[in-house]
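Trainee: Sequences are here, hints too, so could you generate the full structure?
Listed below are the residues making up each chain.
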Amino acid sequence: MGILSASVSITRYKVTGKLEEPVLQTIADGLRRNMITDIDNEASEKAVGWTSFEYPFNPNFEGSSFVMGAYLIFSLRIDKKAIPPKIVKKHHTIEMAKHLAETGRDRLSKNEKRAIREKVVNDLCLRIPATPAVCDLIWHMEDASLWFFSNQKAANEELETLFSNSFQVNLVRLFPYAVADLMLNLSESDRQILSNLSPARFTE
Amino acid sequence: MLDVSVAYNRYRFLGYEFLTWVWFLIEKNHDKLKGFDRELVSLDIGNRIVLENRLNDDLVESITIRGDEADLKEGMLALRKGAVATQLNLIYRTGSYEWRFSIKGENFSIGNLKFPETAPLESKDDAEAGVLERIYLYEKAILFVDTMFKNFVQLRISEEWDKEVVPLLKQWIHEV
Chain F
45 MGILSASVSI TRYKVTGKLE EPVLQTIADG LRRNMITDID NEASEKAVGW
95 TSFEYPFNPN FEGSSFVMGA YLIFSLRIDK KAIPPKIVKK HHTIEMAKHL
145 AETGRDRLSK NEKRAIREKV VNDLCLRIPA TPAVCDLIWH MEDASLWFFS
195 NQKAANEELE TLFSNSFQVN LVRLFPYAVA DLMLNLSESD RQILSNLSPA
245 RFTE
Chain W
424 MLDVSVAYNR YRFLGYEFLT WVWFLIEKNH DKLKGFDREL VSLDIGNRIV
474 LENRLNDDLV ESITIRGDEA DLKEGMLALR KGAVATQLNL IYRTGSYEWR
524 FSIKGENFSI GNLKFPETAP LESKDDAEAG VLERIYLYEK AILFVDTMFK
574 NFVQLRISEE WDKEVVPLLK QWIHEV
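For the record, the sequence lines run as chains F and W.
Position 43, counted from 1, in the first sequence is what the working numbering calls 87; the numbers after and before it change by one each time, with no gaps.
Position 148, counted from 1, in the second sequence is what the working numbering calls 571; the numbers after and before it change by one each time, with no gaps.
Calculated directly from the structure, the hints in this document are not laboratory data.
Just so you know, even glycine gets a beta-carbon here, dropped at the ideal spot from N, CA and C.
Treat the hints with care, since some could be wrong.
In silico DSS-like cross-links for lysine-lysine, where the CA-CA straight-line distance does not exceed 25 angstroms [stated by the list, open to error]: (1) W:LYS527 with F:LYS58; (2) W:LYS593 with F:LYS58; (3) F:LYS58 with W:LYS537; (4) F:LYS124 with F:LYS90; (5) W:LYS586 with F:LYS58; (6) F:LYS197 with W:LYS527; (7) W:LYS457 with W:LYS586; (8) W:LYS537 with F:LYS197; (9) W:LYS563 with W:LYS586.
Reference excerpt, derived from the structure (chain W facing chain F, CB under 8 angstroms, subset only) [claimed, not checked]: (10) VAL427; (11) ALA430; (12) TYR434; (13) PHE436; (14) LEU437; (15) GLU440; (16) SER532; (17) LEU536; (18) GLU551; (19) ARG557; (20) ILE558; (21) TYR561; (22) LYS573; (23) ILE580.
Footprint (simulated), chain W over chain F, 3 or more residues, beta carbon under 8 angstroms [unchecked claim]: (24) 47-53; (25) 141-149; (26) 182-195; (27) 217-225; (28) 240-247.
Mentor: Below you can see the structure in the form of structure tokens.
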């Protein structure tokens, strides 16, 4: 999902914690260290990392290319190799038959079956290109807020983990109570009332 | 703040009550909505409402109403049985501009946000201006939701909530 898409979905976060000074350098270092790596010719099934907003398939964080006005804009990329289970099953069956023929045995142990399956998946991963999913984000430094352009649970979880690992600050999702508690500047007594609330009943 | 997952689950009702209150304002008190945005022309229910009625800890009834100009009677009936709105699709208009988006009460995620048309991007400079324009447009809708929610929270923690707002909501829900 992208900032420039025809329609967008947004999950909002508050960034909590203090970034190490100089801030832009800390962010640039975090982005470079955790930049997406290509897995097309590797056995890996999945890769998660940062990529550039402008060049999502050729990431580059040189200079301050990720700064736009008062915002930091970059993207989370998740590359995944989706091997259809039926293809795995087909090759697994072929490889098991081959192994039995070579060894002259009539059955395989559980561990042997598992090892053959892992090898099959690895071999297939080398041949199958990864499908990329790119989700943009906008980080507003002044009010420590962040918009992530996806509502998908898995993408949001990957974002929260990678963000914390990359910059040593955390993302708190802005669900209703968090908005009330973190964004509305309530007094201590109002916060106490808020925390004691229970559901209202609208039925008679 | 409390532990995030504890707060998320314990106060999930806040978002549901907020959306139910917004629906009530749309139907019964448009003037109050105008107080949240002086440029507001209208706020309407769009093409989707999801309601939830928690019958007990394990049993949750979910009702979805879809379609443009959909009849909301089913939704009102669900409210009468104790349901609350868990997701609303809203149409927000200011001046000659229109935004359409869905908001989930549980986590305030904004989905399927459609915004006023912008000029096509032709150069790299255009791209930066285009992004900043998009940010402005997204912010406008988000700010409106935040302003409504801020007013809701102030009301929800005040005595006015039980004394005035809940009776009005009950009256709206149970009127024929």
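Trainee: Tell me if TYR561 of chain W is really an interface residue toward chain F, meaning its C-beta lies closer than 8 angstroms to one of theirs.
Mentor: Constraint on TYR561 of chain W satisfied, holds at 7 angstroms.
Trainee: So if I understand the rule, the pair passes when the alpha-carbon distance is 25 angstroms or less; does LYS58 of chain F with LYS537 of chain W pass?
Mentor: Roughly 24 angstroms between the alpha carbons, so the hint for LYS58 of chain F and LYS537 of chain W holds.
Trainee: For the hint on GLU551 of chain W, just tell me whether its beta-carbon gets within less than 8 angstroms of chain F.
Mentor: holds (6 angstroms)
Trainee: Take a quick look at whether LYS537 of chain W and LYS197 of chain F sit within 25 angstroms of each other, Cα to Cα.
Mentor: Satisfied, since the Cα-Cα distance of roughly 21 angstroms is no more than 25 angstroms.
Trainee: Holds or violated: LYS586 of chain W with LYS58 of chain F, Cα cutoff 25 angstroms?
Mentor: violated (34 angstroms)
Trainee: If you take the shortest Cβ to Cβ gap from SER532 of chain W to chain F, is it below 8 angstroms?
Mentor: holds (4 angstroms)
Trainee: Do the alpha carbons of LYS457 of chain W and LYS586 of chain W lie within 25 angstroms of each other, as the hint requires?
Mentor: holds (23 angstroms)
Trainee: Does ILE580 of chain W pass the interface hint, meaning its C-beta sits closer than 8 angstroms to a C-beta of chain F?
Mentor: Because about 4 angstroms separates ILE580 of chain W from the closest Cβ in chain F, which is inside the 8 angstroms limit, the hint holds.
Trainee: If you draw a straight line from the CA of LYS124 of chain F to the CA of LYS90 of chain F, is it 25 angstroms or shorter?
Mentor: holds (4 angstroms)
Trainee: Going by Cβ atoms only, is GLU440 of chain W closer than 8 angstroms to chain F?
Mentor: It holds, given that the least Cβ distance between GLU440 of chain W and chain F is near 6 angstroms, below 8 angstroms.
Trainee: Quick check: the stretch 47-53 of chain F, covered by chain W? Criterion 3+ residues, Cβ under 8 angstroms.
Mentor: Held - the stretch 47-53 of chain F has 6 residues with a Cβ nearer than 8 angstroms to chain W, which meets the minimum of three.
Trainee: Are LYS573 of chain W and chain F close enough, Cβ to Cβ, to be under 8 angstroms, as the hint says?
Mentor: Result: holds, 6 angstroms to nearest chain F Cβ.
The structure is inconsistent with the numbered hints 2, 5, 9, 25, although it conforms to all the rest.
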